[in-house]
Amino acid sequence: MSKFFPISTNFGGIFRFEQAIWSRIGNLGLVRRYKTELMFKKVVKMIICLSFLPVNEVTIGYKFIKQFIIDLNIYGLEEFLSYFEKNYVGSYNDKTGESIKLSYDISFWNVYQRVLLGPPRTSNNAEPWNRTLNLRTVVYKPNIAQYIADLFRQEELDTYNIKRAKIGIFQNSKNYSREERIKICV
1 MSKFFPISTN FGGIFRFEQA IWSRIGNLGL VRRYKTELMF KKVVKMIICL
51 SFLPVNEVTI GYKFIKQFII DLNIYGLEEF LSYFEKNYVG SYNDKTGESI
101 KLSYDISFWN VYQRVLLGPP RTSNNAEPWN RTLNLRTVVY KPNIAQYIAD
151 LFRQEELDTY NIKRAKIGIF QNSKNYSREE RIKICV
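Mind the numbering: the sequence shown is residues 1 to 186 in our numbering, read in order.
What the hints contain is simulated information worked out from the structure, not anything from laboratory work. Quantities reported herein were computed from a predicted structural model and do not represent experimental measurements. Heads up, the beta-carbon is just placed ideally off N, CA and C, and yes, glycines get one too. Be a bit skeptical, because a hint or two may be false.
Using 20 Å as the maximum straight-line C-alpha spacing, the simulated EDC-like pairs for lysine to aspartate or glutamate come out as follows [what the hints assert, rightly or not]:
{"no.": "1", "residue 1": "63", "residue 2": "85"}
{"no.": "2", "residue 1": "45", "residue 2": "85"}
{"no.": "3", "residue 1": "41", "residue 2": "85"}
{"no.": "4", "residue 1": "41", "residue 2": "78"}
{"no.": "5", "residue 1": "166", "residue 2": "150"}
{"no.": "6", "residue 1": "41", "residue 2": "71"}
{"no.": "7", "residue 1": "86", "residue 2": "57"}
{"no.": "8", "residue 1": "42", "residue 2": "79"}
{"no.": "9", "residue 1": "101", "residue 2": "85"}
Label pairs and their calculated CB-CB ranges [claimed, not checked]:
{"no.": "10", "residue 1": "134", "residue 2": "70", "range": "40 to 46 Å"}
{"no.": "11", "residue 1": "57", "residue 2": "4", "range": "30 to 36 Å"}
{"no.": "12", "residue 1": "101", "residue 2": "147", "range": "42 to 48 Å"}
{"no.": "13", "residue 1": "35", "residue 2": "159", "range": "38 to 44 Å"}
{"no.": "14", "residue 1": "182", "residue 2": "126", "range": "38 to 44 Å"}
{"no.": "15", "residue 1": "107", "residue 2": "147", "range": "35 to 41 Å"}
{"no.": "16", "residue 1": "64", "residue 2": "155", "range": "45 to 51 Å"}
{"no.": "17", "residue 1": "45", "residue 2": "135", "range": "23 to 29 Å"}
{"no.": "18", "residue 1": "67", "residue 2": "166", "range": "46 to 52 Å"}
{"no.": "19", "residue 1": "148", "residue 2": "78", "range": "48 to 54 Å"}
Modelling step: build the complete structure from the supplied sequences, incorporating the hints.
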């Protein structure tokens, strides 16, 4: 991508990162464990939270999580951890002195800087709008007329919110405070 667009910045989003983790959990048949075992679920969430650490601290955080798994004797994660190391954090072979080349560089999937600087943590800026439209849709599977009516209602609401934002009134303080809490944690 950078070959064709040299001044662009390429990054993955937190949504795709979480989706890849969840997909691997599913492929390995670990969904039931995730839903029933609290500590297993905590480990998966800790791994996802690595994306909020500074890039230079991700491998330290990952080593902490691995030690946490060993200390609490959480079994059955070897294949998942191997996948995560191969694709996201890498590992170092003490015997050969070689590092594993990553499929995705840490700076690609890490959102730490984006949280601090304020741009979206996702690479798809349409996600929030689509989610809002889906929540406001009156019927589960609308026909075309219902869908168009919902689009018009959403457009009116968006126009109203844009006018409010221009004069300094922001609509969703809950999301704003969530963003501020994330920044404080980071």
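Each hint, compared with the structure:
no.	hint	in the structure
1	63 <-> 85	11 Å, holds
2	45 <-> 85	16 Å, holds
3	41 <-> 85	19 Å, holds
4	41 <-> 78	15 Å, holds
5	166 <-> 150	24 Å, violated
6	41 <-> 71	16 Å, holds
7	86 <-> 57	18 Å, holds
8	42 <-> 79	17 Å, holds
9	101 <-> 85	9 Å, holds
10	134 <-> 70: 40 to 46 Å	42 Å, holds
11	57 <-> 4: 30 to 36 Å	32 Å, holds
12	101 <-> 147: 42 to 48 Å	46 Å, holds
13	35 <-> 159: 38 to 44 Å	42 Å, holds
14	182 <-> 126: 38 to 44 Å	21 Å, violated
15	107 <-> 147: 35 to 41 Å	40 Å, holds
16	64 <-> 155: 45 to 51 Å	47 Å, holds
17	45 <-> 135: 23 to 29 Å	24 Å, holds
18	67 <-> 166: 46 to 52 Å	51 Å, holds
19	148 <-> 78: 48 to 54 Å	52 Å, holds
Hint compliance for this structure: hints 5 and 14 are not met, and every other hint is.
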